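K.L.:
Below are the chains, spelled out letter by letter.
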Amino acid sequence: MEISRYERPKTMDEAYSLIVEQRGLPVAGGAWMHLTVKKTALAVDLSGLDLRYVRDVGDAIEIGAMATARDLETSSLLAAEFGNIFSEATSHLVGVQLRNVISVGGSVAGKFGFSDLVTVLTAMNASLRFYGGAMADISGFLAAPKDGPFFLEKIVVKKGAKAAFQSLRVTKNDFAVLNACASFAEGGWRIAVGARPAASRLSPAAADVLGREGAPAMEAAGRAGDAAAAELSFGDDTRGSAEYRRAVCAVLVKRAVMEASR
Amino acid sequence: MIINLKVNGKSIGVECNPGDPLVDVLRAAGYTEVKKGCGTGNCGLCTVLLDGVPVPSCSVFAGRAADRAITTIRGVEKEATELAKFITAEGAEQCGFCSPGFALMVLAMRKELSSPTDAEIRHYLAGNLCRCSGYEGHLRAVRKYLEAGRE
Numbered sequence: 001m002e003i004s005r006y007e008r009p010k011t012m013d014e015a016y017s018l019i020v021e022q023r024g025l026p027v028a029g030g031a032w033m034h035l036t037v038k039k040t041a042l043a044v045d046l047s048g049l050d051l052r053y054v055r056d057v058g059d060a061i062e063i064g065a066m067a068t069a070r071d072l073e074t075s076s077l078l079a080a081e082f083g084n085i086f087s088e089a090t091s092h093l094v095g096v097q098l099r100n101v102i103s104v105g106g107s108v109a110g111k112f113g114f115s116d117l118v119t120v121l122t123a124m125n126a127s128l129r130f131y132g133g134a135m136a137d138i139s140g141f142l143a144a145p146k147d148g149p150f151f152l153e154k155i156v157v158k159k160g161a162k163a164a165f166q167s168l169r170v171t172k173n174d175f176a177v178l179n180a181c182a183s184f185a186e187g188g189w190r191i192a193v194g195a196r197p198a199a200s201r202l203s204p205a206a207a208d209v210l211g212r213e214g215a216p217a218m219e220a221a222g223r224a225g226d227a228a229a230a231e232l233s234f235g236d237d238t239r240g241s242a243e244y245r246r247a248v249c250a251v252l253v254k255r256a257v258m259e260a261s262r
Numbered sequence: 001m002i003i004n005l006k007v008n009g010k011s012i013g014v015e016c017n018p019g020d021p022l023v024d025v026l027r028a029a030g031y032t033e034v035k036k037g038c039g040t041g042n043c044g045l046c047t048v049l050l051d052g053v054p055v056p057s058c059s060v061f062a063g064r065a066a067d068r069a070i071t072t073i074r075g076v077e078k079e080a081t082e083l084a085k086f087i088t089a090e091g092a093e094q095c096g097f098c099s100p101g102f103a104l105m106v107l108a109m110r111k112e113l114s115s116p117t118d119a120e121i122r123h124y125l126a127g128n129l130c131r132c133s134g135y136e137g138h139l140r141a142v143r144k145y146l147e148a149g150r151e
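Chains A and B are the protein sequences, given in the same order. Numbering follows the working numbering, in which position 96 of the first sequence is assigned residue number 96; successive positions increment by one, without gaps. Numbering follows the working numbering, in which position 97 of the second sequence is assigned residue number 97; successive positions increment by one, without gaps.
Hint data in this document are derived by calculation from the structure and do not stem from the laboratory. This structure is a prediction, so every number in the text was calculated from the model and none was measured. You may find that some hints are simply not true.
In silico DSSO-like pairs for lysine-lysine, Cα to Cα no more than 27 Å straight-line [as the list claims (entries may be wrong)]:
1. A/K111 / A/K159
2. B/K35 / A/K38
3. B/K35 / A/K172
4. B/K78 / B/K36
5. B/K36 / A/K172
6. A/K158 / A/K38
7. A/K10 / B/K10
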């Protein structure tokens with residue numbers, strides 16, 4: 001990748017100016033960028049900022065944009081609060097080396113369709129905090145068209161959710177053919193499906209089927225899976241056809257709901 | 001532009017684009033023990049330690065590595081030589097092209113995991129592909145190497 005000017009800011013204000021005012025390209029983990037971007041006039045390396053953390057802030061866990069996939073995989077804080085779901089959503093991603101590079105912020109900001117983590121964050125209703133004060137819920141952010149530069153600072157996940165993740169892979173460390181996450185919190189369900197192969201989307205129809213019942217019967221979980229498969233759109237790529245993904249969706253959502261309700 | 005790299009404790013200035021993959025810059029600077037494979041972070045051949053943490057150097061910009069401690073297999077020669085005794089004893093070396101990246105991952109794993117199970121060893125080393133061996137020799141060698149270190 002050809003970069004004309006490379007900056008590694010030391011302060012958030014400096015980074016904000018470079019990204020938002022000077023329209024620099026933020027480099028978070030950078031693991032995929034060299035595969036997708038050929039050339040940029042200004043690259044803004046975020047590794048000099050204090051954005052690599054997973055911390056407890058009382059009613060929520062805050063994840064800094066530069067926390068790595070490996071940080072989430074091995075976080076005792078996330079494991080204590082949410083069980084193994086963050087480990088499940090990160091540990092299949094290639095190898096430890098690459099997971100030491102991949103950042104949460106990059107995966108979210110890039111709206112990567114293949115990301116398991118983005119699907120989990122979507123189901124868990126994570127909110128995004130942008131430096132400068134703006135906030136967004138992740139599902140709205142993923143669905144919105146690109147609208148000018150932004151500087152993602154952290155991702156906030158409320159405590160109390162019971163969530164489970166499911167995926168289907170051709171090989172263990174490959175991207176998923178399809179992934180799904182079911183999360184129950186505050187008396188309601190959120191069902192997200194990703195690797196469609198486009199980015200994760202919620203299925204309100206699946207959530208409607210489940211209603212406010214935190215421990216649905218297997219039959220209801222199956223109907224939720226069918227509802228998600230009917231509601232969401234799917235595409236073709238080398239890992240699977242849209243038709244195959246739709247069939248897999250019904251099964252993964254059902255399994256995720258049953259696992260989350262245990 | 002000139003980027004300052006600290007490789008195996010030695011500072012060098014290299015002329016490169018900050019967006020060049022670190023593996024290419026290292027190899028051009030003579031550190032050919034860093035092998036290049038897939039170029040997408042999947043195979044583990046190009047693994048180096050960046051501030052002590054294993055990363056695929058094909059997936060790290062040279063600009064990001066500036067002024068940080070880079071360790072190649074040559075920087076841990078003594079430890080790698082010790083590990084190599086176990087690798088060869090188990091017939092796991094074969095062509096050797098994956099060995100630099102593999103050895104650096106084993107050394108990193110020894111620091112990170114105190115007493116890994118076979119499943120944890122396999123999981124930690126899953127990002128290091130070997131086209132010769134079938135991995136069973138590697139697993140036996142690593143297990144014995146770690147056991148010897150604990151004795």
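K.L.:
Now, for every hint given, state plainly whether the structure supports it.
P.N.:
Okay, the hints, checked on the actual structure:
1. In summary, the hint linking A/K111 to A/K159 is supported, as the alpha carbons are separated by about 23 Å, within the 27 Å threshold.
2. Among the hinted pairs, B/K35 with A/K38 is consistent with the structure: their alpha-carbon atoms are about 23 Å apart, no more than 27 Å.
3. Restraint check for B/K35 and A/K172: the C-alpha separation of about 24 Å stays at or below 27 Å, so the hint holds.
4. Taken as a hint, the B/K78 and B/K36 pair is honoured in the structure, with Cα atoms around 23 Å apart against an allowance of 27 Å.
5. About 23 Å separates the Cα atoms of B/K36 and A/K172, which keeps this hinted pair within 27 Å; it holds.
6. Note on A/K158 and A/K38: the hinted pairing is violated, with a Cα-Cα distance of about 38 Å set against a maximum of 27 Å.
7. With a CA separation close to 25 Å, the supplied pair A/K10 and B/K10 stays within the 27 Å bound.
Consistency note: the structure conflicts with earlier hint 6 alone.
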